[in-house]
Amino acid sequence: MTTATIAPTITSLADDTLRELAGSFGTPLFVFDERELAQRVSHLRSMLPERTGLCFAAKANPFVLPELTPLIDRLEICSPGEYRICQALGLPHEKIVVSGVHKSEEIVDAALSNPTPPAAITIESTAQLDLVMRVAIARGKRAPILLRLTSGNQFGLDRAELMSTVRKLRKASCVDLLGIQFFSGTQKTSLKRLQRELDGLDKLVAELGEELGWTPCELEIGPGLPVSYFEGDAFDEAAFIESFSGMLENMAFSGSITLELGRSLTASCGTYLTRVVDTKVNAGQRYAIVDGGIHQLVYYGQSMAMKQPPCHLLDADAAAGAATGATSAGAAAGASAPDDAVEPWNICGSLCTVNDILAKQLPLAGLDTGSILAFRFAGAYCMTEGISLFLSRDLPKVVVLKHDGEPVLVRDGLRTDIINTPLHPLG
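With numbering that gives the first Met the number 0 applied, the sequence shown corresponds to residues 0 to 426, in that order.
Hints in this document: simulated from the structure, not taken from any laboratory. Here the structure is a predicted model, which is why all the values come from computation and not from measurement. A few of these clues could be false.
[Said to hold, decoys possible] Capping the alpha-carbon separation at 16 Å, the derived lysine to aspartate or glutamate pairs in EDC-like fashion look like this:
{"no.": "1", "residue 1": "K359", "residue 2": "E342"}
{"no.": "2", "residue 1": "K167", "residue 2": "E210"}
{"no.": "3", "residue 1": "K58", "residue 2": "E384"}
{"no.": "4", "residue 1": "K140", "residue 2": "D157"}
All chains should be built: construct the whole structure from the sequences, respecting the hints.
Next comes the structure, spelled out in structure tokens:
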């Protein structure tokens, strides 16, 4: 099976490394490669205009924040929990953008009471603006703010409200009005759509200057750069980003631009390992039950069972050895059985729902109980977006491979039954 790629520089972890990690830490397991992460950031920077900064949406993968933060310009956080994660890790406060459609007074006060101001606080409604201004006045601080322009949904301000807000804030002494934030979705593959959005921002900036005499110093844009998760979705990413880069260069807006990214930055650094615990044939269909499932692995929306994911079986000899506790030193990484032994398998997880399907009719050779499947491009959202509390199954361990190849356990396996247990049992 051919797997899609999202950059010509990506280096997959070798099967022997993945087997060693599965043996050391067990399965299911998330593995994030710091080397690939750094390579990816470098690749994107080399493709984008020099004036373009990078902002990482922390919700995409909080487990790589220590490794990623020194490589980028900003971190977008959208909840008090994400803010507390950044504080616990000691991440630079001046890089934090406090965003989100719901901002509590807790998070606004924490951001403005810090000795170092945040990079920005986004404003998504008049009520949010009133909250930020009230806290800023109470703290005797000037709040750096970005006004979020809606793309036609529940997020941000519409154009008329944004213009009215700018007019109001021109005389406000408790805020620093930095610029505009705009985000319109993810997995956007249309360059024409991106061009329309950039043209719309240029038009808004011109109107702000002509009507209100104010020009934003910066734009923070979420372009939703796509990731090729499934077979058949591959595209020429280099050409795509080159075209998008040209669009940025040609904007009439001359200030700084920050691109808020999630999937595009971290998808390629992650691998999800899960072991086959049972096999069966029902009505002529082969089923492999794995110790993971859709509660832990979600690429994008509800697409797991609809398309072929970037998944491969760690070589059959080694899988058989793992099942019996033996080793297979002579097995070559990536080796497989002859083509005539390839069989279609439905890969199903451990949840008691017919929806728990990771792949349908996946052609594999040598699969058996004890085999380990490796799902690539699992570095963004996969570990947090699933229905992780369903059936009270444990959360998997998370490992980061450092630059020297040393694995570091950054989250141990966690029981979820504790979360789902009532406080007052009967008896």
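To see whether the hints hold, each was checked on the structure:
1. K359 with E342: Holds, at about 12 Å.
2. K167 with E210: holds, 13 Å
3. K58 with E384: Satisfied, since the Cα-Cα distance of roughly 9 Å is no more than 16 Å.
4. K140 with D157: Outside the cut-off at roughly 27 Å; violated.
The earlier numbered hint that this structure contradicts is number 4, and it is the only one.
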